[in-house]
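S.K.: Sequence:
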Amino acid sequence: MELSEHIKTANVEAVTLRRPFHPALRGTLCVTSHHLLFSDRKDEASRQLLILIKNIDAIEKSVENLFGYPRAVGSSGTITIKCKDLLVLQLEIPGMEECLNIASSIEVLNIVITSHRQKERLLWDRWRVSKVNSDYSVCPSYPSAVIVPREVDDDKLIRSARFRQGGRFPVLSYCHHRNGMVIMRSSQPLTGANKKRCKEDELLLQAVIDGSELGYIIDLRSAQQAQQARMTGGGFESKSCYSHWKRIHRHHERGKVVQESLIKLVEVCSDPSHTVDRWLSKLENSKWLSHVHSALSTAGLVVECVERDGHSVLVHGSEGTDNTLLVSSLAQLILDPASRTVTGFLCLLEREWIQAGHPFQQRCAHSVYSHARLKQECPSFLLLLDCVWQVWRQFPLALEFSEALLLRLAQEVYASNYGTFLCNSEQERCAAGVKENTHCLFQSLLKPDIEEQYLNPLYEPTDLAIWPSVHPQSLQLWTGMFLRWTKHAQNMEEAREEVWRIVKEHRERAGPDRTNNTLSTHCDTLTPFENLMDELTIL
Numbered sequence: 001m002e003l004s005e006h007i008k009t010a011n012v013e014a015v016t017l018r019r020p021f022h023p024a025l026r027g028t029l030c031v032t033s034h035h036l037l038f039s040d041r042k043d044e045a046s047r048q049l050l051i052l053i054k055n056i057d058a059i060e061k062s063v064e065n066l067f068g069y070p071r072a073v074g075s076s077g078t079i080t081i082k083c084k085d086l087l088v089l090q091l092e093i094p095g096m097e098e099c100l101n102i103a104s105s106i107e108v109l110n111i112v113i114t115s116h117r118q119k120e121r122l123l124w125d126r127w128r129v130s131k132v133n134s135d136y137s138v139c140p141s142y143p144s145a146v147i148v149p150r151e152v153d154d155d156k157l158i159r160s161a162r163f164r165q166g167g168r169f170p171v172l173s174y175c176h177h178r179n180g181m182v183i184m185r186s187s188q189p190l191t192g193a194n195k196k197r198c199k200e201d202e203l204l205l206q207a208v209i210d211g212s213e214l215g216y217i218i219d220l221r222s223a224q225q226a227q228q229a230r231m232t233g234g235g236f237e238s239k240s241c242y243s244h245w246k247r248i249h250r251h252h253e254r255g256k257v258v259q260e261s262l263i264k265l266v267e268v269c270s271d272p273s274h275t276v277d278r279w280l281s282k283l284e285n286s287k288w289l290s291h292v293h294s295a296l297s298t299a300g301l302v303v304e305c306v307e308r309d310g311h312s313v314l315v316h317g318s319e320g321t322d323n324t325l326l327v328s329s330l331a332q333l334i335l336d337p338a339s340r341t342v343t344g345f346l347c348l349l350e351r352e353w354i355q356a357g358h359p360f361q362q363r364c365a366h367s368v369y370s371h372a373r374l375k376q377e378c379p380s381f382l383l384l385l386d387c388v389w390q391v392w393r394q395f396p397l398a399l400e401f402s403e404a405l406l407l408r409l410a411q412e413v414y415a416s417n418y419g420t421f422l423c424n425s426e427q428e429r430c431a432a433g434v435k436e437n438t439h440c441l442f443q444s445l446l447k448p449d450i451e452e453q454y455l456n457p458l459y460e461p462t463d464l465a466i467w468p469s470v471h472p473q474s475l476q477l478w479t480g481m482f483l484r485w486t487k488h489a490q491n492m493e494e495a496r497e498e499v500w501r502i503v504k505e506h507r508e509r510a511g512p513d514r515t516n517n518t519l520s521t522h523c524d525t526l527t528p529f530e531n532l533m534d535e536l537t538i539l
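Numbering-wise, the sequence shown is residues 1 to 539 according to UniProt numbering.
Treat the hints with caution; some may be incorrect.
To be verified - Computed spacing ranges between beta-carbons, pair by pair:
1) V88 x R393: 14 to 22 Å
2) V88 x A10: 18 to 26 Å
3) T275 x A193: 34 to 42 Å
4) Q228 x L397: 24 to 32 Å
5) W279 x H251: 51 to 59 Å
6) Q473 x K435: 57 to 65 Å
7) P457 x Q228: 44 to 52 Å
8) W279 x M492: 16 to 24 Å
9) D153 x P457: 47 to 55 Å
As the list claims (entries may be wrong) - Derived lysine-lysine pairs resembling DSS-like cross-links, with alpha carbons at most 27 Å apart:
10) K282 x K195
11) K264 x K195
12) K447 x K435
13) K246 x K264
14) K246 x K199
15) K287 x K256
16) K199 x K239
17) K447 x K504
Don't read these hints as lab results, they were simulated from the structure.
Just so you know, even glycine gets a beta-carbon here, dropped at the ideal spot from N, CA and C.
With the sequences and hints as input, model every part of the structure.
M.R.: Here it is in structure tokens:
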């Protein structure tokens, strides 16, 4: 049940606010999932009071007047709010029913939020930060610190790493703030043709689901590919060894296939001589939108397991450095409102791509025009940006950032003046002194004067998961990217600038915007896991 569903009355006009050492104010009271907002708009100098629900210690419904002020004549009720910081204030609300509804809403929200935070603390007791990879010897592509189940010690992690390709043992990627279910990611297990097993790896995954639940393993290969991988030393988690985990296979193309698909797509978009039918045929034959469909569809499956069914998920393919990161990132974008803000999205990229070891130098050595074809090139990150654009297009109010940010990232990943996308792992960046000798792209993008260029003027935050459609008619060519240097793109850019100008003018006329409220809501929705990862993130 969403917090907003506990609100019986959201807005009341003509409310009188009384507090010590201030004259009485008359204005509008709004109740949101996390705040009480009182706004006095009698003149141009609007005065507002914002109170966190979780700061309220007690609510009293009384006809008595705490401060001795004369009561207004007529049907009304008074609520006395006593805060944890010792602030005491009175709200005189016209209409006894509205008064009781407001009081009841605040009381229920306070109980739910408090129990939710207690539940988060209990969940945090199940996890810990491990520095087992502090010297990058356990897994060269992992960061120095990872989050793992508390009951699994570092010796077990080392043994699990030896059983996973490239040492990428299962680590926490995301914890859902509503039900505590998690998304883990790893590489494939090295079971081989002899069906080897690793008890420490089995115990690690058992600790994730706490021994009594069912978890899902989303294998980003077909069942046939997973079977074939055993012949070359790879494999999959067998049902006999991982009895509380159900394996689901979802085939995703990778490497050269995706790179060739991008090349074909760009060839189509660069040739205006085709008829419409011929152009659409070549677009379909490029298979690029098929890759977009696969990524969003599998991410939707992960979200369904976590959000609707209440089960934890482990995502992996073979190496765990491309499609695994793609799917886990998209699932978080769909689930987590914090990941849909500018700051949250850049943190997501830092955590799930930069720190998680996506080999940017290998994957993005060339784009599509070079005749040099390197074996390890693959536009996985560009595919992510395209999928995010599809979500942004279907939910134009849900993301705080605009298409302009995605286009900037698409440009920077191939050629950048910053060090963010250099090298293939955190280990390589540390060895090369990237942090000390270069500037960070994400830090630059978050400077207020620069960030404004990438904001979505229509943004309206929601705590709900957003479910993008993957029907063929719902997925479209990202014209802003692939038709970027055409007249069409120029016209779209002019239209975006005009929309942004109109919205800014409207905000200036309406008074202070909702930026502070949005920021407060964003901070309130962060779980301890996300706060910790923010601390680990070096922007």
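S.K.: It remains to establish, for every hint, whether it holds in the given structure.
M.R.: Here is what the structure says about each hint:
no.: 1; hint: V88 x R393: 14 to 22 Å; verdict: 49 Å, violated
no.: 2; hint: V88 x A10: 18 to 26 Å; verdict: 24 Å, holds
no.: 3; hint: T275 x A193: 34 to 42 Å; verdict: 52 Å, violated
no.: 4; hint: Q228 x L397: 24 to 32 Å; verdict: 45 Å, violated
no.: 5; hint: W279 x H251: 51 to 59 Å; verdict: 28 Å, violated
no.: 6; hint: Q473 x K435: 57 to 65 Å; verdict: 45 Å, violated
no.: 7; hint: P457 x Q228: 44 to 52 Å; verdict: 50 Å, holds
no.: 8; hint: W279 x M492: 16 to 24 Å; verdict: 19 Å, holds
no.: 9; hint: D153 x P457: 47 to 55 Å; verdict: 50 Å, holds
no.: 10; hint: K282 x K195; verdict: 44 Å, violated
no.: 11; hint: K264 x K195; verdict: 40 Å, violated
no.: 12; hint: K447 x K435; verdict: 18 Å, holds
no.: 13; hint: K246 x K264; verdict: 37 Å, violated
no.: 14; hint: K246 x K199; verdict: 18 Å, holds
no.: 15; hint: K287 x K256; verdict: 13 Å, holds
no.: 16; hint: K199 x K239; verdict: 14 Å, holds
no.: 17; hint: K447 x K504; verdict: 19 Å, holds
Hint violations for this structure: numbers 1, 3, 4, 5, 6, 10, 11, 13, all remaining hints satisfied.
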